[in-house]
Structure formats: structure tokens, C-alpha cells
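Protein chains in written order, with full-length UniProt numbering: chain A, 1 to 430; chain B, 1 to 430; chain C, 1 to 430; chain D, 1 to 430.
Read the hints as simulated data drawn from the structure, not as lab findings.
In this text, a Cβ means the ideal position worked out from N, Cα and C, and glycines have one as well.
Possibly wrong hints are sitting among the right ones.
Unchecked claim - Just some of the chain B residues that point at chain D, by a computed CB distance under 7 Å:
#1 222
#2 269
#3 273
#4 274
#5 277
#6 282
#7 297
#8 382
Said to hold, decoys possible - Pulled from the structure, derived: some chain C residues nowhere near chain A, Cβ distances all over 12 Å:
#9 79
#10 128
#11 196
#12 239
#13 276
#14 278
#15 309
#16 353
#17 355
Protein chains: 4
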Amino acid sequence: MTTNPHLPTKQELIDLRREFHRFPEPGWREFWTTARIVEELERIGVDEIHLGGDALDTDERLGVPDERELGEWFDRAASRTDRTDVLEQLEGGRTGVVAVVDRGEGPTVGLRVDIDALPITESSDEGHRPAAEGFRSENEGFMHACGHDSHITFGLGTLRTVVASDFSGTFKVFFQPSEELLGGGKPMAAGPHVDDVDHLIGAHVGLDYPTGTVVAGLDEALAFARFDVTVRGESAHAGLAPNEGRNAVQALVTATSNVYGIPRHRDGATRVNVGELDSENAANVIADEATATVEVRGESNELMEYMRDSVRRHVDSAAEAHGCEAEISLIGESIREDSDEELVDLVAGIAGDTDGVSTVHRRRSIGASEDATYLMRAVKDNGGTASYVGIGGGNPSGHHTPTFDVDEDCLPIGVSVLSEAVLDLLGDPV
Amino acid sequence: MTTNPHLPTKQELIDLRREFHRFPEPGWREFWTTARIVEELERIGVDEIHLGGDALDTDERLGVPDERELGEWFDRAASRTDRTDVLEQLEGGRTGVVAVVDRGEGPTVGLRVDIDALPITESSDEGHRPAAEGFRSENEGFMHACGHDSHITFGLGTLRTVVASDFSGTFKVFFQPSEELLGGGKPMAAGPHVDDVDHLIGAHVGLDYPTGTVVAGLDEALAFARFDVTVRGESAHAGLAPNEGRNAVQALVTATSNVYGIPRHRDGATRVNVGELDSENAANVIADEATATVEVRGESNELMEYMRDSVRRHVDSAAEAHGCEAEISLIGESIREDSDEELVDLVAGIAGDTDGVSTVHRRRSIGASEDATYLMRAVKDNGGTASYVGIGGGNPSGHHTPTFDVDEDCLPIGVSVLSEAVLDLLGDPV
Amino acid sequence: MTTNPHLPTKQELIDLRREFHRFPEPGWREFWTTARIVEELERIGVDEIHLGGDALDTDERLGVPDERELGEWFDRAASRTDRTDVLEQLEGGRTGVVAVVDRGEGPTVGLRVDIDALPITESSDEGHRPAAEGFRSENEGFMHACGHDSHITFGLGTLRTVVASDFSGTFKVFFQPSEELLGGGKPMAAGPHVDDVDHLIGAHVGLDYPTGTVVAGLDEALAFARFDVTVRGESAHAGLAPNEGRNAVQALVTATSNVYGIPRHRDGATRVNVGELDSENAANVIADEATATVEVRGESNELMEYMRDSVRRHVDSAAEAHGCEAEISLIGESIREDSDEELVDLVAGIAGDTDGVSTVHRRRSIGASEDATYLMRAVKDNGGTASYVGIGGGNPSGHHTPTFDVDEDCLPIGVSVLSEAVLDLLGDPV
Amino acid sequence: MTTNPHLPTKQELIDLRREFHRFPEPGWREFWTTARIVEELERIGVDEIHLGGDALDTDERLGVPDERELGEWFDRAASRTDRTDVLEQLEGGRTGVVAVVDRGEGPTVGLRVDIDALPITESSDEGHRPAAEGFRSENEGFMHACGHDSHITFGLGTLRTVVASDFSGTFKVFFQPSEELLGGGKPMAAGPHVDDVDHLIGAHVGLDYPTGTVVAGLDEALAFARFDVTVRGESAHAGLAPNEGRNAVQALVTATSNVYGIPRHRDGATRVNVGELDSENAANVIADEATATVEVRGESNELMEYMRDSVRRHVDSAAEAHGCEAEISLIGESIREDSDEELVDLVAGIAGDTDGVSTVHRRRSIGASEDATYLMRAVKDNGGTASYVGIGGGNPSGHHTPTFDVDEDCLPIGVSVLSEAVLDLLGDPV
């Protein structure tokens, strides 16, 4: 067991992670985050930095917020960085960045990390270390509650280590926006830098594994789709002329009742849920509009599609039943793609030899949805291999909770495992 | 107050009524009933007797039972009468008869009575007079529980009285089949004998009015439509492959839930109900078929149509939501048509002068549905007048119950009022 | 026809009405409005002015907003009046005022007017007179869109006229808060000043009657109840553990579906509607809370109670079905109470003799809900008589619309009819 | 590989199977079947024959038909056998029989086979061998469409072979009634003969495996519960007084809609279905009764219980919502119990050495529900071992279809494997 001499120090990684932790930005609004990553990329020294439409296929983005919402976050970012040159390229929610290091002949290896945060108000309890130690979120109401601050740190730390090492071939780091909305994976996979990748590694911190545990292949991400549903009818006075309305609430209620009743599927697990039900009609007015967000999942892509198509059919039919019109917009989607056996072997071997690693699992179920799968699929479709790696971090409370945190000892472990795997996959220097 | 000397005796009327009471036949199956009426018409002596397609427009019939069902009742009738000459003309459920007495120049006056019975098992309790006095239904499971046996008696008794009296003009008695199914009024109105009627009177016995009460105009019959609904999907094993079914039960349940929720209407009372819900699928099989009978009513024809169209839309949409097909067949329909003021005046006046009548109401709400309205509408559309008259009969229990009966003192009252009204409307003899 | 010489001029009435129109305040937030009325009462000179708990039974109030909301309107009022002595008595939403003029022996006569506004943004269109002539609402988003500005003017104008006239007995004017929420009538009726009233008159302007039309008795107010419904369950991750949730959305959807399906009632018209459906759960979280506002109406109090009790039962049962708890808060209620024949006679007679009145209807249906009925009921329960009078005002667009307005010619007509009726009911001076 | 010389010939087995095939009897109505088995037991010669309450705990029976239904089958059986001594002991649906052979000291080994048939009309197509060769069902409408005729043959053939062989210990054969209703396993497990069994083997023919294939352990039977649901409300005339009903259809529709929406469970597959939905109310009557059969399944007993309890809660709550009462009767239930490793080893070994066996699977999923599991559970609870064995039979069409049949070559294979396994588990003769 030898340790790469170019690894950043633990303190350097901690500093980076805490800075990103303080300024969480949700999907398609990672303006400051992207600019700050670019600054680090410049410091490390990479051959290419791709932003905006050069980083991903912006037409494929899902769940992009409206202009007003984007503008507020853009302005907030602009007040925190002087890199207006970068910000300009991100306008309209075209966040994310791809870094490329080109050392000539040899394989192309990719590392994918996600960079967005969640609309969760971070705990200010003294027992919550970010609060106690002064790096709690400064974007009130938003929080890195899923560890993407660690993921950015993995990406930058690995890049710095690899750049300082000898290798031949090309190394790319994909700083992907908007994973939480399951909106960024597909456009990044459709972007110009994934097609020639031979081996792709993704990574996730935490997942209730203790520090020192590494999972070489996180599999069985549930395929997923999320919709915004709007039902439009016609209002009328509920006392004077109830029959003159076309009741959007009745339509949405019928649809909701039915989507929960979509039959179980013989081929495996499915999920459906309705959130953000909303109608603003006063009680004395027949609702002319009602909205909801619906999501479905499946153990396979086919199962997700079965659920997705059923939801569409139920919403359309319920609207029709009540004389309304329905609008259904896909705002997030992900597929299932499992890890390749060769990469699982490789990562498991490296992890077993890594300082601080006490337990290695070859494969485990991730149990949730994840859109790194789009990049994995693209690489595999071109004959490459991919794996999604778990880095245990002893998270004291669950992901997506106000007291989520990680044991920062996991940062050097993650960087070490990932950079060794990347260097192993790249060619020896010519 | 003079009494028409040609009136039948009370005992004659009682005998007639009790004979019809013993052999009740439901809608479109009144084979024996029609043949028996024809016998009486021949005894009385009328100018024309119209049967089958000569009595009504058979294409307009609603709710006609299937061949097997018709055949059983036909055979039963054939075993009770030797009038095969009449029965032959009724084959295929073409029941009912129109009698015409033509005395030359003068107005054409019509009397409409209905002749069908209900699928109710008559009480055999000793307190129920038909049971105690030996004229309980001999067609087990069926019963004259709405007084149409009395109506036939009104029709024959009035006809006999009028025939024996002097008048000029034409008198027609419409013995209408299938009122309970609301299936016979429309085809009889569309038949060849209604168009030239100048004045039409209909009559109903009972309605919770005591003997001695007459209502000159029973109004506000609820407009009505009844459907047979069949939803067809596809079966599948509920344990092994629930997703492979197209669940007719889920579709029908969604439709049912929604039709009960059709909005109230500003313009007045509406009604909806679902009956005979049925799916035969074993619990371990996804239902491939589910059926129901749905009925709607409205205070006006427009309100009924609002409900009817809403039911259709809900059934179609719910079927579509669950990948099924729906078949909706109209099996009964009636409209609202109120009584004309002139006839109300006339009948009220006559009733007030009739022996045995103690109370006369000019107009009352009938509170139920009734398809005599189609004949009333046809007459009025041609510039005539119509009224639907109530003859109190002190019914000891409600209509459509196993212990329904009438005080037979009402029979001579009814015949007297109706024949006086008819003769008044006909011309004096030339 | 003589005209009371003490009537205010039309311009005085217009000025008053326009001032109140500029500063509309919604129910329980009529702080400035109450203070401004008090100033006028002091100017007119009355014997007693009752505020806060002296005006109404504050425990009976329904639909009182939360502290924050009350505070904002209180502060706004405080910035517009220096009558902090009055405002102090209104804290916590204890708005409204009762004025008493006591002239010794004789009948006690009451006039009830309501003073609150609606959460409607007033039109700024030039065709809308308040906009064109500079008295459009200055409380943006709120508007006197139901004519209560005119009602206050009727109250003050009538009081001024009566005070200036000779009579014996006691005259009370009830300036009732929160009619739009149907929350103020009941507490005012339960307050200390209604019980001894012998004759009560209420008044409403507009209602699509032209100026010059008076309705002596507006009847058939739909009895009404409105609820806030909150269903509480338990959240869970919709992908990882859907079974661990207790789904408040499923419960509310079941309840909503069922309340729309509450059977029609034989005794008359009923209404039900669901508004403000809301659940804030993200789509990947089983909803732990969902809320709605539900309202029901009935042609009679019994019909409203039938609907109200059915809603409660459905909400409770649906919550139970899904393992949730339901909280149902009554936030508004009104009853039906029709006008007394004697007062209808009196008002119709006076109106017929009033300058500017061209049409008098004895009784008309009001078609909506109204809580003056609580005061009418209280008076009648004590042996008194009551009537609710309509004063046509040629409103150019419907009540509760952004362009509602009245023809101000109706103001002197209303004051004239009401003051004559009041003086007639009071005793002649001793 | 040696063959037991005491095995019956293939023709003997075929004759037995075809006789039982001709007279199929459904659950709790296996009167002739039981009597016929007793005759065979007497011919073979066993030490004890237990019938009625001596065979199973009759109080634990589920889904027993009503008296009339039992009586019809009893009479039919009485017309086909003169063993009235046996029939008498079976009265009231106490079918089934336990045979015991006691050879002193040594282990107690049990074999469980089921004996009931299905309500399926057997094909009379010439391509269907039972039709072509003259042993098609003579109980029209009923059929051994799941191979229980072969199971009886396995039981009798194995018993005859074992009895003729040398061993020490006790051998019991459980001829279990009513497996198709999932109603007989529990009472037989609760009966007096299972508790002391050390090793239990069950067997199923067919399951789409070809002849020559044996599965040593059929596992993962879905735990299962089936209910009869009756909702009782109150009828009323749908036109005259809809509010006076308590609508059983609305209640059942609400319950049905909700049970299909019971949340998926994190721990595995669940199933729910509603069958035999029925309400007999005429469309003009509010339904006073509605019934359905509901079944649920789960990959584990806990999952089944989760579904079962949810169904109960939904039915109760929906009834309450509509003012009705619900009655929920459990009419069938089964649990999951997998095979023990030792027995799987034993059977797999024996099968591999058996003439005619070409393929041996150690374990396979059964994919359906099965109540042999109750006996397996009882044996295991007492420290014993159990396995449920599959005997491939090349069934030409699926189980529970009108053309189900087996390749009779599987009969000697089944008897050979089962008797060898039983003799291996019993002791060597002392």
C-alpha cells in the first residue's frame, strides 16, 4: 500500500468542502458554485474548461426554473464573485462545467460529480457541526443536505492529484448540475464530452455507510420520472351556478385517486406519489386550475415507463371527465444503469489497499434514483465501462434532513480511491 | 250531479281489476294482458283494434328484453289464453293495444293507461288483501305493485261507458306497454294514432291520496334517463400479473364515484343513482367486465340532459383511464310535460260534481317520472291539450312495495270522472 | 309624499361612501373603518357607542385571522387615524360598533349594516368610475366589491336623519364586521344589544336591481357553513418507504371525492365545494399534511346542516382510512331567516311613497348567503319582527367582481326608505 | 439406481387418476372423493383412518359453503357410493382424511396431498385427452384443473409402496380438502395428527415443468388472504328521497378505490384485487347492500398482513363515511413457508437417482399461493423439517384452464420419488 504523494492534505479538502457547504445553490442555479469551481480549475491547471452549451446539451435540460427565479440566484451569485466572465456564460441556468486534461495517446477516463443543493433549511442546532463550527448554509432555506459539497471536493481533489501524476490519455471531470431535480444527467450525457469516454466513474458520499467503507458498485438506482401537472377548467360561483364550472379540483382528485391505484407490476417494484397539490380557488368558487407534481419510479426502465404512461393516461382521462384540459410537463427523469463487473473489480481492489478503508462491498443497492446513470449508459453504449462508487461517510442523520453531515475523514479516502482508480484506468506515461 | 247510466257496476270493475292483478306481466312481456284486453274490447265493441306495429313505432322501443326472456313470457301467455291470433301479432315484445271508436265529425279524444307490472314478489301476508281474498299474483316474483291493473280497468270501464253513450267525434284508448321501464311512452307517441288527438287524458291511481281525492293535473314529472353500462377490459391473474389486466372494476368504480359527484345545477333538482353493479370476476382475476345500470333525473328536460351527458362523459373517460371500452345503452327515458290549464279546469269541475269525490286538487307534483308525458307532448305539439289526472285510492303501503293495494271504491270514481271528462271533450251527438 | 327635512344631501352621502370606498378592510380587520365610523357617530351625537366586547360576543367570532395578519392591518389603520383611543379597544380583531340613541319609553328599533371588504384587486380601468374619479381602493388587493361602503353610508345617513327627527323609544345601529367571511353575524347577534330589539331592518344595495327599485323582503338566503380542513399524517420517502407514510393527500382526495358525492336532498337545493386544496410535500415525500377549505349551503338550515354533518363525517372517515387525523374548524356560518310579513308590508308601503322609487317588489330571493339572518333570528326569537331590504343601485357589473360599482343616486333613496321605516316603527314623540 | 419392487404399475396409477378426474368436487364438498379414498385405504390396509373432526380442526375451516350447497353435493355423492358409513362422518362439509401406518419406534413422516377441484367447465375439445379418451369431468362445471387428481394418486400410490416396504416408525398421509379456497390447510395443521410429525413432504404436479423434471423445494408461496365483504346501508327511492338512503354502493366504491391505492411496500411485492362486485338494487333505489370478494397477497406473511389490515381499515372507514355497516369475513388464508435445506438435499439426491428424471432443480419459486405451508409451519414449529416438492408433468395448458392435463408418465415418477424419500426418512426396520 503506497499513497500518492500528490494527494491534497485533509485540511485542504475540508476547507474546500466547507466553503461549498456555506453557499448551497439548487439545480440550474449553481451560478456561484460553477464560478468557484472554475477558479479552482484554473489554479490546478487544466487544458480545457467547458461551460454552458459547451458543457451540456442545454435543450435537454429538465425542470429549469422561470426567469425570475433564475435571476434572483444569478444576482446573488454576482454579489459574491467577481468572475462575471464566467457568470455570463451561465445565464439562463446553463450551469455546470467540464474540465479536460489531455496527455496524448491513451484511454479517456471520466469522473462525474454533482454540484447542486436542496431546498432544505439547515439546522442551527449546536449539535449540528456546520452550525457549531461556523460553516452552516448562508443561503437560508437551502442546504447541501445530500453531500454534493463533498462530491465537488472529490472532483477537485482527484483532478489535482491526477494532474500532478504521470499518465497518458485524457482525463475529464464532469461537474454536473441539477442532480436533485434529476434534470442534469440527461443533458450532460447528451453533451459533447461523454461520447469518447472509455471508462466512467461516479461517486456518492454517505448513504449510511460508516467512514472506512467503500462500495465498488452502487446498483439498482430506481428509474424515475417527475411531472408537473396542471389541470385547467372554468370557474363559477359554487353557490349560484355550480354546474357552470368545469371543476379542476374534481379532475385532479380523480386523477390522484387513480394514479395511486395503478396496478402493481409482475416484473418488480414500482412507486408513485403526488406532491404539491394546489388549487387557489376560494371555497365559493369552482376551481379553474389545480396543480400537482407527480413522480413515479421503477426497478427497471420499463417499469418506470409503465408507471409514467399510466400517469399520463389517468391525468388526461380525468381532465376529460370533468371537461378540463391537462398539461403534463416532464421535469425530471432518470434511468437505471448498473456498474460493470471490470470496474467493480478494479475499484474493489484499489479500495482494499487504501489507507483508512476497513470494509469493501463489491455491490450494493443504492435504493434511490440517480442520474449519473445517463452518463454511464452513454459510455456503455459506446463500448466503454462505468461504475458508481459509494464512499462511506458516517452521516449522523439521513440524506435530505436538516442535520445531514459527513465525517470529513471520508474526504481523503474518497480522493485517494478515486484518483488511484482513474490513474489505473489511464495509460502509463509514454 | 247526475250519474251516467252506462257506468259498469263496481263489482264488474273489481272483477276485471282482480283478474289482471292475478297475472302481472312486466314491460314488453304483456302478452296475456294484451290478449285479455283485446277480448274485452271485442266484447264492448269498438271500431278498430290496433296491435303490434299498428299500435306503436316498434323501432322506438327501449329496454326490450332478449329473445329467451321474451320467449318464456310468450309461452306462459300461450298456456293461459287461446287467442293465438292476437299473440302472433305481439311476437318479439310488440305488446300494447290501441282501441278506436269513431262516431264521425267532432273532436278526437284520447285516454292513455299503462298495463305493465313490476319484478316484485307480492306479499303473502294475510293482512294483504289480494293474498287474503285469493287474487294474489300467480306470476311469482312479479306484481301489479303500481296499480296498472286499476289503470287497465279505468281504460276498459271508461271505454264501455263512452261507447254506450251518445257523442260525435272519435275516442281512442291507448293501452300502453312498458311504463315502468320508461320504454313504452316514446314509441306509442311516435305511433300512428296520437297525432290527430285533440285532447288527451292520462290517469294514475293511488299516489298516497285517499279515496275520494282527485288531482286534476299531476305535474312536474321528473325527466328521466336510464342506461345499461358495460365496461370491458382484459382479465389477468391478480397474483401473477396484475399489470397485464385492464381492470373493468377500477374503471366502473371511478365512473361511479364521479357520477355521484356531478355538480348540482342552478336551475333545479337533479338526481343520479347507480344500481345493479356487477362484476363476476373471481377475486384472483382482474375483472374483464363490469356492468351497472345508471339513472338520472331532472326537474326539467334540460336538467335531465345535463345529467345524462355528464354520465356518458364520466363513463367513457373512466373506461379510457383504465384502458377499457365502455358501452352505454339507453334503456329508458321520459320527459316532463305539465297539464294544460283548460283540461285542469275541466277535470276539476267534473270531479267536484262526482259521486264519492270529497277533495279536488287542481295541480300537484307527481314527484316521480312518467312517460305518459311523451303522448302529452305529441298532442300539445299538434295544438291539442292534455292532462294527467290522479285518482286517490287510499293505498295502504307505498307504490313499488310488496303490500301495495288500492281501495277498490276508487275504481267507479275513476271511471266516472274519466268518462265524464272524455264525453265532455267529445262533441254532442249530431 | 313628504320628504324628511333632516335627510343628508346626496353629496354628503357620496362623500362618505367614497371615503370608505378608498380604504377597504377585510373581515375582523376593519380597524380604520370602525374608528372612522366612531368619528361620525360622535359628530352626529348618539347616546352610546359600544366597541369590542361591548358590541359583540367576541368568543363567537369565526374566521379570525392570525396575530401577524391582524397586526399588519392594525398598523396600517394606526398610520391613517389618530383615534388610538378607539383602535385600542379593537385590538385582536374586535372590530365593529353599535350606536344607541335612547329617547325613553317606546319600541326599540334596530338597523343592521355590514362594513367589511373583499380580497379583490379593484379595476384601474378608466371605464370603472372609482378609478376614473379618484376614489379607487388605496388598500391594493382589497376592495369594497359588494357595496358595504354604501351600507355604512346607509347606516350613518339613517342615524343622522333619525337623530334629527322626533320619536320616542330607542334606535340602535349595528355596524357589523366580517359579513363576507360569514363570521360576524353570529357574535353580534349573541352580543348584548340585540335581545331587546323589537323590530330589525337590514339592507343590501345592488343585487342587479336598477336604481329606483326596492325589495321590501329579501328572502331565502342560503344557509351556509365553511370549514378549514387539515389532515395530518406522517411523511416518508416515496421511493424508499412508501408504506411508512400515512398519506394526507390520499385522505384529502378521498374526502373531496366523497363530499362532492353527498346525495342530493329531497327537500331542496344544496351546495358543496372544495377550495384552496394544498399540500406542500415534495413529490418524493409522502404528504404529512394537506389542507382545504370546504363550504356547504342549503336552501334551509336543515339542508345546510345535512351537508355540514356529511362533510364532517367524510373528512373524519377518510382520514381514518389513511391512518391520519383530521381537524375541521368552522370558519364561517350563516342561517336562513326570511322577512316578516308586517315589515314587508310596512317597507313596501313606504318605498312606494318614496321619491325616486319606481318599482317595489314585496319579496324576492336573495340567491346568496347572508348573516344578517342571525340578528333577524334573535329578534324574532324574542317576539320581534325583522326584514332584510334591497335597495337597487344599477350595479354595472356583478358583486365580487373588480368593476363592481353602484349608481350613487341610490344612496339618498336608501337613506330615505330606511329612515322612514325606522321612524314609523319607533313611537311618536311623547 | 434400484427401483422399489412394491411400486404400483403405471396403469394402476393412471386408472386411479382418471377415476378421480371424472368426479371432481370443489372444496369442502369432496364427499365422494373422500369416500373413494377410504375404500382405497382399506384395500391397501392402514392402521388408522381418521375422518371429520378426527382428521382436522373443523372450527378452523374457512370458506365453508352454505347448507344448501353442501347438501346438493352430499346427495350427489350419496348417489355414487354405497359408503354411507363414511359419508355420515363427513356431513356439514367435514371432508378429508388422514391415514396412519404405525410400525413402532422411529420417526414420524408425513405426506400431504390435496384433493379438491375447481369451478371450471372442462373442455370437450377432441384435442383435450380427457375428452378424447372418455374420462372428462362428469360433474359439469367442475374440473380437476390443477392436478389434484394426480396428487391423490401420488398419495395412494406412495402409501401402497411404503406399506409394502420394510421400515420402522410412523407414516401418515394427509388427504387435505379445500386447498383451492385456501381454507383447508389451516384446520388440518390445527388437527390432531400434525404435531408429532418429524418430517413432512408435500407435492405438486405440473407447474409448467416438463415430465422428468423434479423441483426439490418449491418456495416463496405468496402469503394470501381472501375476504367476503358485505356493506349494508339503507335503501331509499333514488328519485324521491336520495338523502334518506345510506348508500352501500358509494361505500363499496370508495373502499374499492382506496384498496387499489394501498401504498406499495418497501419490503417487497404485494397484491390486491376486488372481485365479484355486486349490488342488486334497481337503479331507482339507493343500494342497501353491496358485496365483493377481496384478496391480498404478500411476498412475506408480514406483507400480506400489511395488506390485509389496510383492506379492513379501508372497508370499515368507507362504510362509516356513508353511514353503512361493513362485515368482513375471512374466507381463505395461507402463509409463506419455505423448504428446509436438509429435505431439499435429500429429495434432490433421490430424484437424481430416479428412473425417468432428467432434470433436478434444488429450489424454485412457486409463484402462487399454497396452504400446505400451514402443515410445514406446524412441523417446523415442533422442530421438524418440511419440503414442498414439484413433479414436472408437461401440462399442455396452464393450471386453472379448461384444457389443463398432465402427461401421465409423471405419475410413476412422482410415486417413486416420494416413496423413496419417505422410506429414507423413516427408520430402517428394527
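Checklist entry - So is residue 353 of chain C really clear of chain A, every C-beta pair being over 12 Å apart? => result 33 Å, holds
Next on the checklist: Hint validation: residue 282 of chain B versus chain D, beta carbon distance must be below 7 Å. Holds or violated?
Outcome noted: 5 Å, holds
Item to check | chain D contact restraint for residue 382 of chain B - C-beta distance below 7 Å | outcome: Hint violated; residue 382 of chain B Cβ to chain D Cβ min 30 Å, cut 7 Å.
Next on the checklist: Please check whether the beta-carbon of residue 79 of chain C is more than 12 Å away from every beta-carbon in chain A.
Outcome noted: Nearest chain A Cβ is 28 Å from residue 79 of chain C, so the label holds.
Checklist entry - Measuring from the C-beta of residue 269 of chain B to each C-beta in chain D, is the shortest one below 7 Å? => result Constraint on residue 269 of chain B not satisfied, violated at 9 Å.
Next on the checklist: Holds or violated: the hint that residue 274 of chain B contacts chain D, with Cβ atoms closer than 7 Å.
Outcome noted: 5 Å, holds
Checklist entry - Is the nearest CB of chain A more than 12 Å from the CB of residue 278 of chain C? => result Incorrect as stated: the minimum Cβ-Cβ distance to chain A is 5 Å, not above 12 Å.
Next on the checklist: Checking hints one by one. Is residue 273 of chain B an interface residue toward chain D, by the C-beta closer than 7 Å rule?
Outcome noted: 4 Å, holds
Item to check | residue 277 of chain B as an interface hint toward chain D, with CB separation required under 7 Å | outcome: 4 Å, holds
Item to check | Closest CB of chain A to the CB of residue 128 of chain C still more than 12 Å away | outcome: Correct as stated: the minimum Cβ-Cβ distance to chain A is 21 Å, above 12 Å.
Checklist entry - Can we confirm that no CB of chain A comes within 12 Å of the CB of residue 196 of chain C? => result Non-interface label stands for residue 196 of chain C: nearest chain A Cβ at 33 Å, farther than 12 Å.
Checklist entry - Would residue 309 of chain C pass as off the interface with chain A, using Cβ distances and a cut of 12 Å? => result 18 Å, holds
Violated hints for the displayed structure, listed by number in ascending order: 2, 8, 12, 13 and 14.
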